[in-house]
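S.K.: Using the sequences and the hints, build the whole thing.
In the order they appear, the protein sequences are chains V and D. Numbering follows our numbering, with no gaps: position 425 of the first sequence is 406. Numbering follows our numbering, with no gaps: position 172 of the second sequence is 158.
No lab work stands behind these hints: they were computed from the structure. Cβ coordinates follow ideal geometry from the N, Cα and C atoms, glycine included. A portion of the hints provided could be inaccurate.
[Unchecked claim] Once the Cα atoms are required to be at most 20 Å apart in a straight line, the calculated EDC-like pairs of lysine to aspartate or glutamate come out as: (1) D:K113 <-> V:E465; (2) D:K113 <-> V:E399; (3) V:K491 <-> V:E479.
[As the list claims (entries may be wrong)] Beyond 12 Å from chain D on every Cβ pair, some chain V residues (computed): (4) R6; (5) I47; (6) F234; (7) M286; (8) L350.
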Amino acid sequence: MTPEPFATWRRMIKEHGLIKTVFLRVDDTVTRITTGLNINDIRSVLRGDPPGKPNPRVKPHTESAIFHIWPSFYHEAVTKFYPTFRLGMLSTLLFFVEIMTGLFLMVYYTPAPGVAYDNMLKILSNVPMGQFIRDMHRLAAEFMVVAVWLHMGRTFLTGSYKKPRQFTWATGVILLIITIALSYTGYLLPWDQLAYWAVTIGASMADAAPPPEVGKAVALLLKGGPDLGAAGLLRFYLLHVFALPLGAILFIFVHYYKVVRHGHSLPPEMEQIGEDTARKVSQDKRVPFLPDVLTNELVWFGILMVALVVPIALNIYNAPLEHAANPSSTPLHTVAPWYFLFIQGWLKLGDKTFWGVIFPTILIGLLLLWPYLDYNPSRRYGDRRIALAAMFGVIGIFVVSSFMGTPGFAVVTAPQIEIGHEFMPGEQVGPIRAIPFDQMKVGTWSTQDLASIPDDAPQLKAVMEELAAATAAVPPVQTVNDKEVRYTNMYGELTITEAQLAKDSAGTLKPTLKQLVLGVHWDEQPIDPTNGQPGYFVFTFVSVDSNYSSGE
Amino acid sequence: MADSGMQFRNVSRREFLNYVWAGSLAIFMAASGGAMLAFAMPRFKEGEFGGMYTVGTVAEKMPAADAPPVNYPDVKFWLVNIGPEEAAKGGGIQGLAAMYKVCVHLGCLYAWVDSTVRFECPCHGSKYQADGTYIEGPAPRDLDRFKVVITDGQGNLKYETVVTNASPGYGAPIPVPTDSSFVIKVDTGIKIEMGKRHYYQGGQPT
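M.R.: Here is the structure:
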């Protein structure tokens, strides 16, 4: 017999008619794609009807590649906000937000000095939604660090790392390290001053790893040369977009496989240690993944996206971008990102080999092995007073260390430089640039003559009053380096000049660019090397379009 | 626990061959790891970085004794003429030295601050005297420095910094040349690391 084309279609049309055949074929295709749910099954899931018997909603969990990752039901006790706070799921979602936004950013990014920073400016000014995507990538990264830390804190708090979940905890610690490494490698990519110097400090910490030969080799491998340059940027880029995400994906799957294997840990009072709650859940305690857990997780995803998008859309959050990296000038008070401030604090304590390498390594080792060291057989809060007290103790130490990492702690330079940095920093905005453009009155304004500042420039007046307070607060006689240093009659002077004029639409000349010079003067002032005049000077230009006053 | 699984059984031929196979794979993996490290190691050798930089003649470029150090940002050093005042505060040796601009703590660029008369690092607050002697902060040792070479107009060597570790005068400032036609050169390929804080205080280490 010769084969006929479309035999099944022709047979079905003969039997059911065309319209019903089309419906049956669509239904069949949907069932194949969902690996078990036809259109009616899906509608009943969406309506929240009880499932039929045998339950068709279990089939995707056993048959499909994607759904088999999830268990087909959760224990009722872990579907509420407590005890998970949804932190593990939120961390994973944030990781996927990072992958998506990161892919978009890669379209306009070349990892090369000189090009990378121009790419950033192009993304910010010339790519539709470019700034939005960059802000999103940066904010989600910060959220992810918070979510991963909180997730670990919660797991410790509820004793969920105990038997049989010790290995799950260890993979979680590895994911914490990968998260921090991802964030750190991404820090360098904009190739601005913030990036360059924060990463120089971090890479120099690798240099301190003992013994010296190993430290030097690790630092060279990381930086690609004696100084951070093209080779280093490329290495950080490859780590950031390839090696570390690959590691993260691998460990997320190991981590989540273990979570599903042993079941989510129940609240401490409901589950004894060593119990495995994944399979022994009575029928009335089961909450099916389809539809209850899935819809709940979708709601959380929505909340997360709102929390990410709203601060960016309302301009509350902007990813920082400083001046292009300048390898021959370190800005004052270069700081690590806030989640590294604790290490920055330790580094001020002394030996970088101990505080920068050995001590953090001991802490990570302790964290990794903690479930195997903690022999207390109870998960209940009342039985774990020492462990919980230790946890809050460690949190306290981290808060104090982070405070020690802030610029004000133990890094004090000469008062005129501190004042210049506070009011007109080399990077970031500072109070003087934030004065509205029309209030930047042309002239020389001194803290010795505050009354001469025009009344229609209230913000200028307020800043000059702050400056007067800051100069007055400097002790006139200080002992520095066993030598008496005098700062008598210190005052500040702000000189504003018009640097550029342009005609507006009505044809009148208006200033569009102003030069601001902040001078700090005192009786014993040395000659400033930048302009050969006595005193200390900081220079800047502000454009009418700068929009610093709005916080940008 | 006395079950049959714990009993010792002789290694069969197949088991032995599998061990050999696994062992050779392990050696192969280790060798591959070594090759990968060699591949990733930057093509850079000690000494290739930097080179001889001519500052100028003594008449033109020599800073006055105890004057603020002179910044050479492109080649990353401060040229400093340590006079009696700075020598007394620091290691006690007067003369000419070139301080490598990178802080020995964590790689930031420190700067000279006129009003406090010392080098200050903007990152973690390490402070040093003009001759590189550690004052305070987390830095582990005195500042690194470069080899300074003084030649006459014909290029004949007159003075140079001692770069052999642990020999007398290692890394110390060299005498200030009196002939104003002599030429000051700094070898930025030879970085001299002082082994500790206050290297020259309490007598020179041997």
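S.K.: Taking 12 Å as the cut and beta carbons as the points, is L350 (chain V) off the interface with chain D?
M.R.: holds, 25 Å
S.K.: Determine whether the non-interface label on I47 (chain V) survives the test: each CB of chain D must be over 12 Å from its CB.
M.R.: The claim holds: I47 (chain V) sits with its nearest Cβ about 33 Å from chain D, beyond 12 Å.
S.K.: Holds or violated: K113 (chain D) and E465 (chain V), Cα atoms, limit 20 Å.
M.R.: Holds, at about 17 Å.
S.K.: Is the Cβ of R6 (chain V) farther than 12 Å from every Cβ of chain D?
M.R.: At roughly 52 Å from the nearest Cβ of chain D, R6 (chain V) sits farther out than 12 Å, so the non-interface label holds.
S.K.: Starting from K491 (chain V), check that the Cα of E479 (chain V) is at most 20 Å away, please.
M.R.: Holds: K491 (chain V) and E479 (chain V) sit about 10 Å apart, inside 20 Å.
S.K.: Would the least Cβ to Cβ distance between F234 (chain V) and chain D come out above 12 Å?
M.R.: F234 (chain V) clear of chain D: closest Cβ-Cβ about 23 Å, beyond 12 Å.
S.K.: Does E399 (chain V) lie within 20 Å of K113 (chain D) when you go C-alpha to C-alpha?
M.R.: Holds. K113 (chain D) to E399 (chain V) sits at ~16 Å (cutoff 20 Å).
S.K.: Does the claim that M286 (chain V) lies off the interface hold, with its Cβ farther than 12 Å from every Cβ of chain D?
M.R.: holds, 37 Å
Violated hints are absent here; each numbered hint is respected by the structure.
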